[in-house]
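Taken in sequence, the protein lines are chains A and B.
Reminder that position 51 of the first sequence reads as 51 in our numbering, one-by-one numbering, no gaps.
Reminder that position 66 of the second sequence reads as 1066 in our numbering, one-by-one numbering, no gaps.
Simulated from the structure, these hints should not be mistaken for lab results.
These numbers come from a predicted model, not from an experiment.
Treat each hint with caution, since some may be false.
Which stretches of chain A does chain B cover? Using the computed rule of at least three CB atoms under 8 Å from a CB of chain B, they are [what the hints assert, rightly or not]:
id, region
1, 112-120
2, 133-142
3, 149-160
Glycine included, each C-beta is placed from N, C-alpha and C at the ideal position.
2 protein chains.
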Amino acid sequence: MPKLAQTLIVIDMQKALQYSYNFSGLIQSINNRISQYRQANLPIIFIQHNDQDVVRGSELWQLSGKLDKQKEDIVVEKFHPNAFYQTNLNKVLMQNGVRTIELCGAQTEYCCNATIVMAHGLGYKILMEHDMTTTFDNDYMIAEDTISFFENIWNNSFVTFQ
Amino acid sequence: MPKLAQTLIVIDMQKALQYSYNFSGLIQSINNRISQYRQANLPIIFIQHNDQDVVRGSELWQLSGKLDKQKEDIVVEKFHPNAFYQTNLNKVLMQNGVRTIELCGAQTEYCCNATIVMAHGLGYKILMEHDMTTTFDNDYMIAEDTISFFENIWNNSFVTFQ
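Bound conformation, chain A alone (with noise of 0.2 Å):
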């Protein structure tokens, strides 16, 4: 089993994104994760987006249904795609003692990009899994070619993958 860090994060699973490549894989293979967190007792905290799309308390707004998320589990809203933007994350890291996260979710370009990207800059230690963040095909690659491309900026610079 890959290495544990301290939380694992999990990025704006929501409706909205029920049709990005592999959804319903990815959220497999976030719960397999979860689970791992659980056994551990190492608190799992679920960002959820908020923006004109996606609406609090809208359908689209909501987790996934599929995804196991549980009633202790810590849940952070968020109005900007860098989920350290105007949040209690920062707060809630620092209260749980975290030096050293795990991130997964969607979507890679967008909100993934900007929490690592933060998250490094805060100074905490970042452990990924590879294909554990998806997205949308856009204008210029489709969605797998997006997610080789991110991961190839973060690893070593921003993420430790294993």
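Given the structure of chain A, go ahead and fit chain B onto it with the hints provided.
Then chain B, alone, in the frame of chain A:
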């Protein structure tokens, strides 16, 4: 003339990047912008990258000789894509009372992206003009497409383009 920020930050315009897309054209555009900041007596900050391929003191490490760099300009050396990471950049900005910055330079998907996300996360307001960063072609996109792709990601969420 596009509005000026309180400082212009020029990222990694070093000889190591002299064969990146439109490098000479970008230097001309940056020099034009530098001239406008000089006329307004606003500080200009050059970021200079160091790593195992771009070794301090080597030819490739030098800022391009065509860049309008003057003795009074500030130079901040870095060892990571994020220009705020383990540098005094944030301190320099605070000492100069800077809250709004304009960014340009290289490489789009590495040092520019990381520095933009971090600057925004630290609360700076970021102005940019289009086509003021550069990079190389990569396995997925030609340089021009990488620039457009990232400008679309930055636009509104991180940067005000003008």
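Now the hints, each set against the structure:
Requiring three or more residues with a Cβ within less than 8 Å of a Cβ of chain B, the coverage given for the region 112-120 of chain A holds, as 5 such residues are present. Counting residues of the region 133-142 of chain A whose beta-carbon sits less than 8 Å from any beta-carbon of chain B gives 4, enough to reach three: the coverage restraint holds. Coverage of the region 149-160 of chain A by chain B holds [criterion: at least 3 residues with CB-CB distance below 8 Å; count 4].
The structure shown violates none of the earlier numbered hints.
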